[in-house]
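Engineer: Chain residues, written in single-letter form:
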Amino acid sequence: MNTVQNFEIYAPKLVEKKEFFSPGHRACQGCGEVLALRLLLKGMGEDTVVANATGCMEIISSAYPCTAWEVPYIHVAFENAAAVASGVDAGLKALRRKGKIANRDVKAIAIAGDGGTVDIGFQALSGAMERGHDIIFFCLDNEAYMNTGIQRSSATPFMAATTTSPAGKAIKGQRTGKKNVPEIMVAHNVPYVATACPSYPIDLVNKVRKARDVRGPAYLHVFSMCPTGWRSASDAVIKLGRLAVETGVFPLYEVENGKYRITQEIPKKLRPVQDYLELQGRFRHLTPDDMALVQARVDREWRKLMNKVECLRPW
Amino acid sequence: MEKRKIKSKAWPEKWYEVNPGCIVFVPGNAREYKTGTWRSQRPLWDNKKCIKCGICYIFCPEGCIRETEEGYFAADLDYCKGCGICAHECWPGAITMQEEEE
Numbered sequence: 001m002n003t004v005q006n007f008e009i010y011a012p013k014l015v016e017k018k019e020f021f022s023p024g025h026r027a028c029q030g031c032g033e034v035l036a037l038r039l040l041l042k043g044m045g046e047d048t049v050v051a052n053a054t055g056c057m058e059i060i061s062s063a064y065p066c067t068a069w070e071v072p073y074i075h076v077a078f079e080n081a082a083a084v085a086s087g088v089d090a091g092l093k094a095l096r097r098k099g100k101i102a103n104r105d106v107k108a109i110a111i112a113g114d115g116g117t118v119d120i121g122f123q124a125l126s127g128a129m130e131r132g133h134d135i136i137f138f139c140l141d142n143e144a145y146m147n148t149g150i151q152r153s154s155a156t157p158f159m160a161a162t163t164t165s166p167a168g169k170a171i172k173g174q175r176t177g178k179k180n181v182p183e184i185m186v187a188h189n190v191p192y193v194a195t196a197c198p199s200y201p202i203d204l205v206n207k208v209r210k211a212r213d214v215r216g217p218a219y220l221h222v223f224s225m226c227p228t229g230w231r232s233a234s235d236a237v238i239k240l241g242r243l244a245v246e247t248g249v250f251p252l253y254e255v256e257n258g259k260y261r262i263t264q265e266i267p268k269k270l271r272p273v274q275d276y277l278e279l280q281g282r283f284r285h286l287t288p289d290d291m292a293l294v295q296a297r298v299d300r301e302w303r304k305l306m307n308k309v310e311c312l313r314p315w
Numbered sequence: 001m002e003k004r005k006i007k008s009k010a011w012p013e014k015w016y017e018v019n020p021g022c023i024v025f026v027p028g029n030a031r032e033y034k035t036g037t038w039r040s041q042r043p044l045w046d047n048k049k050c051i052k053c054g055i056c057y058i059f060c061p062e063g064c065i066r067e068t069e070e071g072y073f074a075a076d077l078d079y080c081k082g083c084g085i086c087a088h089e090c091w092p093g094a095i096t097m098q099e100e101e102e
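Chains A and B are the protein sequences, given in the same order. If you're matching positions, the first sequence starts at 1 in my numbering and goes up one per residue. If you're matching positions, the second sequence starts at 1 in my numbering and goes up one per residue.
Simulated from the structure, these hints should not be mistaken for lab results. Bear in mind that the values here come from a model prediction, so they are computed numbers and not experimental data. Ideal placement from N, C-alpha and C gives every residue a C-beta, glycine not left out. Mixed in with the good hints there might be a few duds.
Straight-line alpha carbon distances no greater than 25 angstroms define the calculated DMTMM-like cross-link-like pairs of lysine to aspartate or glutamate that follow [said to hold, decoys possible]:
#	chain 1	residue 1	chain 2	residue 2
1	B	LYS52	A	ASP203
2	A	LYS239	B	GLU99
3	A	LYS17	B	GLU99
4	B	LYS52	A	GLU19
5	B	LYS48	A	ASP235
6	A	LYS18	B	GLU69
7	A	LYS169	A	GLU183
8	B	LYS49	A	ASP235
9	A	LYS13	B	ASP76
10	B	LYS34	A	GLU79
11	A	LYS239	B	GLU67
12	A	LYS17	B	ASP46
13	A	LYS18	B	GLU99
14	A	LYS100	B	GLU99
15	A	LYS13	B	ASP46
16	B	LYS52	A	GLU16
17	A	LYS13	B	GLU67
18	A	LYS239	B	ASP76
19	B	LYS34	A	ASP203
20	A	LYS13	B	GLU89
21	A	LYS308	B	ASP76
22	A	LYS17	B	ASP76
23	A	LYS18	B	GLU32
24	A	LYS18	B	GLU67
25	A	LYS13	B	GLU69
26	A	LYS18	B	ASP78
27	A	LYS13	B	GLU70
28	A	LYS239	B	GLU69
29	A	LYS17	B	GLU89
30	B	LYS52	A	ASP235
31	A	LYS18	B	GLU70
32	A	LYS13	B	GLU99
33	A	LYS239	B	GLU32
34	A	LYS17	B	GLU67
35	B	LYS48	B	GLU67
36	B	LYS34	A	ASP235
Across the chosen pairs, the derived CB separations fall in these ranges [to be verified]:
#	chain 1	residue 1	chain 2	residue 2	range
37	A	GLN151	B	THR96	30 to 40 angstroms
38	A	ASN103	B	THR96	30 to 40 angstroms
39	B	TRP38	A	LYS17	50 to 60 angstroms
Starting from the given sequences, assemble the full structure and let the hints guide the process.
Structural biologist: In structure tokens form, the structure reads like this:
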């Protein structure tokens, strides 16, 4: 048989070659969020209508009169990306029924940052998921409001220093943990919920393709590394994403009809969180005791997830 | 017919002209803005070490790395911002970052 050896190594060559996000956008050097966006558009293909909430990705891609998008794109206000995407979905459905557009499978997607998902756009997201529109919602989570200068959001992890939760004598950065939005989406009875990270590009593209084939709403939480806001080196960005997954800070899993499945290789023992924290300036103030606190939180979340993986069955 | 009408429109030529709704009719025209001037280091490929796996292509946030006709990879230096991700992730070690000296 004429098979290719070391198939996984050459897998990047099998990903869609066409770019739907053109070069010349104004993202920072080494932006992990724009990498996630580029990969997810490759997974979506050209039959896509994008509704994008305000945030980094809108600012860097569509500085008038330029646009980096090669698919239909609507810029909307901070709170209503999901609402506009559900409107686009309803409109496409009506036009298709009247025979005004070709009977093609055009998918409406909403893209928002973590602020546009977990804080400001949350009720629109909840509403769209509850109504069961045929849309995909992508949250590109870089763990703070990076666009306006690194203010904390409710996706900021425990003890991270931002400009509105600075580290000092009285408090040590963010005092609350990260809001678990994929979990909230599972509670909305969304058929497909997944977390992804651009450090695992083939996994990300496969999840996007899977979400595209789902009839009904789907939600993808994409971890996007931000060298500017996390105060890290621009070339270590992919490594940071990989460390976040390997330490259990951001586990990769998917939930299909209530059945949890871990999509990363499950290690016997997770790497210590310290490996991930010490590469970032936003965690520079942490003492070994603080690291132990963070480790305890991460372990707890990991145990919670593993319990669900073991116990829950499909609906 | 309708399609051709939209395609024939371009962006405003004068600074004071604005399309209604700020619609941009040319997809992907950010290409005209060359971000290569931001760069302080440029990636250099050593084709003897390259195994043509495409890791640099898949991890480039710019999307400026292209496959050449021989199957090797090269960056479009008009757009490369010099972040160094490709050099960091290339596991055969075929890419090095070189300081720009101009």
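Engineer: In ascending order, which of the hints set out earlier in this document are inconsistent with the structure?
Structural biologist: 3, 7, 10, 13, 14, 19, 21, 28, 32, 33, 38 and 39
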